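Using the sequences and the hints given, assemble the complete structure.
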Amino acid sequence: MSEKKANFKKIIDLSIPDILSKINSISSYKWEDLSNEEIDLGNYNSVCSYFEVKDSDYPMNFALFFNKGDVIELTKSFIGYNFFVSGKISKSEELLIQELSNIILNSIVSQISNLAKKVIIPSGPKIIESEKEFIFDVISRQLTDNSNREIFHYIFKIKCREKNIYCEVISFISERAMNKLKVLL
Amino acid sequence: MKVFIVEDNSLTRFTVKTAIEKLGHEFIGEAESFKEAIDKLSVANPEVLLLDIILPDKNGLEVLKEFRKMNKTTKVIIITALEEEGLNQELLKEGANHILKKPFSIDELDSALKKI
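In order, the protein sequence lines correspond to chains P and R. Residue 5 in the working numbering sits at position 5 of the first sequence; the count goes up by one each step and never skips. Take any residue in the second sequence, note its place counting from 1, add 185, and you have its number in the working numbering.
Don't read these hints as lab results, they were simulated from the structure. These numbers come from a predicted model, not from an experiment. Where hints are given, some of them may not hold.
As the list claims (entries may be wrong) - With a straight-line Cα cutoff of 27 angstroms, these simulated DSS-like cross-link-like pairs (lysine-lysine) come out: (1) P:K76 - R:K207; (2) P:K126 - R:K220; (3) R:K202 - P:K76; (4) R:K220 - P:K91; (5) R:K207 - P:K54; (6) R:K250 - P:K117; (7) P:K54 - P:K180; (8) P:K76 - R:K286; (9) R:K286 - P:K118; (10) R:K286 - P:K9; (11) P:K91 - R:K254; (12) R:K220 - P:K54; (13) P:K118 - R:K207; (14) R:K254 - P:K54; (15) R:K243 - P:K117; (16) R:K260 - P:K118.
What the hints assert, rightly or not - Some chain P residues well away from chain R (every beta-carbon gap over 12 angstroms; in silico): (17) K4; (18) E38; (19) N106; (20) F152; (21) M178.
Beta carbons are placed, not taken as given, at the ideal position from N, Cα and C, and that holds for glycine.
Have a look at this one:
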């Protein structure tokens, strides 16, 4: 693992207790982070929450991917039922994914903010439904103006009742920001 | 108390509205963006403003600064999942009365409303 990736992993590690504590306080299922093993989830039909941080020192973008097939279980874990049968995710499922990804992303951004001793406010999430690789490609193309972006990848594997649910966090962080964070970690 | 909420997520707005009414307060309005908030708050006169930090156009800190130019008396409760020390200090400096961490329960909302 490169030094920069190790530094990103440190930020994630600092965020995990906060994320689990917040999610467990509102979910009827017990959530645990089991992310130690290497996992390659490949391509899949996803629901993606996309965030931007337009900060002059720490410009960053984050895409949080959930497997569309897990959305029913996720909804059940928060509101106790899911009666929707449509192939497309419903508005309430979309709002729930937004709030869940807000909790995860805000914990990560808060760690960066507290390390940098700087107020950093991310955008609200934009929900995109498509194959993961297609979304990743679109986001990467959109960021071509922002040169020197480094891509960091982390998979939260969360045991949700008997089912493992994954949340892939892909972040695009400028090299300058990573260098600043390296000094602070 | 008369309560107004600024929050971009309609599910959260609906849930909080239900909780506010269950707690015996009056829900007098809602907005989902900076622009809508400033337009509606120039007319509405809430006793309590529940304000989310992450909004689609500008952020809650900017809403707070703008709101305080026209209203110094309404109590403002910030609702956020961000845990930033610098942000909390700035929010309090700009006139926030309380910071309520998301996700929160109805008891925590009740307690925040009693504290301010």
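**Item:** K54 of chain P paired with K180 of chain P [C-alpha distance capped at 27 angstroms]
**Value:** Status holds; Cα separation ~16 angstroms.
**Asked** Taken at face value, is the distance from the CA of K117 of chain P to the CA of K243 of chain R at most 27 angstroms?
**Response** holds (21 angstroms)
**Message:** K220 of chain R and K54 of chain P were given as a pair; does the straight-line alpha-carbon distance stay at or below 27 angstroms?
**Reply:** holds (19 angstroms)
**Request:** Take a quick look at whether K202 of chain R and K76 of chain P sit within 27 angstroms of each other, Cα to Cα.
**Result:** holds (22 angstroms)
**Asked** Is the Cα-Cα distance between K286 of chain R and K118 of chain P 27 angstroms or less?
**Response** Holds - the C-alpha atoms of K118 of chain P and K286 of chain R are around 19 angstroms apart, at most 27 angstroms.
**Request:** Given the hint that K91 of chain P pairs with K254 of chain R, test it: the Cα-Cα distance must not exceed 27 angstroms.
**Result:** Violated. K91 of chain P to K254 of chain R sits at ~36 angstroms, over the 27 angstroms cutoff.
**Asked** For E38 of chain P, which was marked as not at the interface, is the minimum beta-carbon distance to chain R over 12 angstroms?
**Response** holds (29 angstroms)
**Item:** Restraint status (C-alpha distance of K254 of chain R to K54 of chain P at most 27 angstroms)
**Value:** holds (26 angstroms)
**27 angstroms limit on alpha-carbon distance, applied to hinted pair K126 of chain P and K220 of chain R** = Given pair K126 of chain P, K220 of chain R holds - Cα atoms ~19 angstroms apart, limit 27 angstroms.
**Message:** Against the 27 angstroms threshold, does the CA-CA distance of K207 of chain R and K54 of chain P hold or violate the hint?
**Reply:** Judged against 27 angstroms, a Cα distance of about 38 angstroms means the pair is violated.
**Prompt:** Holds or violated: K76 of chain P with K286 of chain R, Cα cutoff 27 angstroms?
**Reply:** holds (23 angstroms)
**Asked** Regarding the assertion that M178 of chain P does not contact chain R, is the least Cβ-Cβ distance greater than 12 angstroms?
**Response** holds (19 angstroms)
Violation of the numbered hints given earlier is confined to hints 5, 11, 13 and 19; the remaining hints are satisfied by the structure.
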